Amino acid sequence: MSNFLPGNCAPLRRLLLTCAVLGLAGSVQAATLDTVKSNSSIRIGYANETPFAFTETDGTVTGESPEIAKIIFAKMGIKQVNGVLTEWGSLIPGLRAGRFDVIAAGMYITPARCKQVLFTDPQYQLPDALLVAKGNPKKLHSYEDIAKQPDVKLAIMAGTVNLAYARDSGVKDEQILQVPDTTAQLQAVRAGRADAAVGTQLTMKGLASKGGDKVEAMTEFKDDPSHIGYGALAFRPEDKDLRDAVNAELKKWLGSEEHLKAVAPFGFDKSNVTSKTAAELCAQP
1 MSNFLPGNCA PLRRLLLTCA VLGLAGSVQA ATLDTVKSNS SIRIGYANET
51 PFAFTETDGT VTGESPEIAK IIFAKMGIKQ VNGVLTEWGS LIPGLRAGRF
101 DVIAAGMYIT PARCKQVLFT DPQYQLPDAL LVAKGNPKKL HSYEDIAKQP
151 DVKLAIMAGT VNLAYARDSG VKDEQILQVP DTTAQLQAVR AGRADAAVGT
201 QLTMKGLASK GGDKVEAMTE FKDDPSHIGY GALAFRPEDK DLRDAVNAEL
251 KKWLGSEEHL KAVAPFGFDK SNVTSKTAAE LCAQP
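Per the numbering used here, the sequence shown starts with residue 1, numbered consecutively.
By construction, these hints were calculated from the structure, which means they are not laboratory data. Since the structure is predicted, the reported quantities are computational estimates derived from the model, not experimental observations. Each residue gets a CB set at the ideal place from its N, CA and C atoms; glycine is no exception. Careful: at least some of the hints might be erroneous.
[Claimed, not checked] DSS-like mimics (lysine-lysine), calculated; alpha carbons at most 30 angstroms apart, straight line: (1) K172 - K115; (2) K252 - K75; (3) K210 - K252; (4) K214 - K138; (5) K134 - K148; (6) K115 - K70; (7) K134 - K222; (8) K70 - K222; (9) K153 - K70.
[Stated by the list, open to error] Beta-carbon label-pair distances, calculated as ranges: (10) N39 - Q125: 30 to 36 angstroms; (11) K214 - P93: 18 to 24 angstroms; (12) K139 - D244: 16 to 22 angstroms; (13) A112 - E238: 18 to 24 angstroms; (14) G77 - K261: 19 to 25 angstroms; (15) K252 - K79: 15 to 21 angstroms; (16) G77 - K210: 25 to 31 angstroms; (17) P111 - D173: 42 to 48 angstroms; (18) E220 - A74: 23 to 29 angstroms; (19) K79 - P111: 18 to 24 angstroms; (20) A264 - T219: 17 to 23 angstroms; (21) A264 - A97: 20 to 26 angstroms; (22) P180 - K37: 44 to 50 angstroms; (23) E87 - P150: 26 to 32 angstroms.
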């Protein structure tokens, strides 16, 4: 009997261990939603990019995405929203590493990112634009215009979709200057280290207003319609319960008067509201 039991219990032990691991995984999956509701506090990761998310002079975080996050989480009973500033390219790694609970930075939904994070349905739709030297001396109106002039340099914020768009349009790597944030994009164009910078229309307009008489935004940017950006909040794959709870609140609220009033100070209006879903955008080729 003593020789019989251990041999036959081994599969049972493995079964019990597997069940324990699965049970633990299930509790972890629900843990973030339970924890943030219990603590009435949540951490949002953001990168400084006006008007989507940025740090005020008093150190507080604001912008289109954080302000939406504050309102939606308040509706869920979560009163405290703490900002965690990071570089754009570190947002997804930082989220997955647990440095914060949600990305609230106006991040575009793309199929590649959908493999790494869970998005809510988009909060806005927005085309891109170029920031160029005043008068646009190189006559740049598209990625193709840049590709045709090998001496032209394009400043792109690292980690953004614009890098792939530029390369797909024929822009060579030696023409691309990758920088950590939009401030560096503006500095590169002002200093002549780049002939243009590319980003969302609102961002480039904002940089132009800060850049004085040396730069301007080219909003008549000829771009592939499929490059229109759809920005959303993003969560860890294991936090589906939290994402779904936030998405349910967003669906009731986006497009309302309260929503439009909240985002108006950042240049958004009803023309930026979209009926697209994260599922549609994640499924695009």
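Taken at face value, is the distance from the CA of K138 to the CA of K214 at most 30 angstroms? Since the Cα atoms of K214 and K138 sit roughly 14 angstroms apart, the hinted pair holds (cutoff 30 angstroms).
Is 30 to 36 angstroms a correct range for the gap between the Cβ atoms of N39 and Q125? Given a distance of about 34 angstroms, which is inside 30 to 36 angstroms, the answer is holds.
Straight-line alpha-carbon gap K252 to K75, limit 30 angstroms: holds (11 angstroms)
Honestly, do G77 and K261 meet the 19 to 25 angstroms range at C-beta? holds (22 angstroms)
Determine whether the Cβ-Cβ distance between G77 and K210 falls within the hinted range of 25 to 31 angstroms. Violated, at about 38 angstroms.
Restraint status (C-alpha distance of K115 to K70 at most 30 angstroms): holds (26 angstroms)
Measure nothing beyond the straight line between the CA atoms of K172 and K115; if it is 30 angstroms or shorter, mark the hint as holding. holds (27 angstroms)
Range first: 18 to 24 angstroms. Now tell me if the beta carbons of K214 and P93 are that far apart. Since K214 and P93 have Cβ atoms about 35 angstroms apart, the given range 18 to 24 angstroms is violated.
Holds or violated: K153 with K70, Cα cutoff 30 angstroms? violated (38 angstroms)
Holds or violated: 26 to 32 angstroms for the Cβ distance of E87 and P150? holds (29 angstroms)
Decide if the proposed pair is consistent with the structure: K70 and K222, CA atoms, cutoff 30 angstroms inclusive. Since the Cα atoms of K70 and K222 sit roughly 35 angstroms apart, the hinted pair is violated (cutoff 30 angstroms).
Can you let me know if the beta-carbon spacing of E220 and A74 is within 23 to 29 angstroms? violated (39 angstroms)
Comparing the model with each numbered hint stated earlier shows that hints 3, 8, 9, 11, 12, 16, 17, 18, 19, 21 and 22 do not hold.
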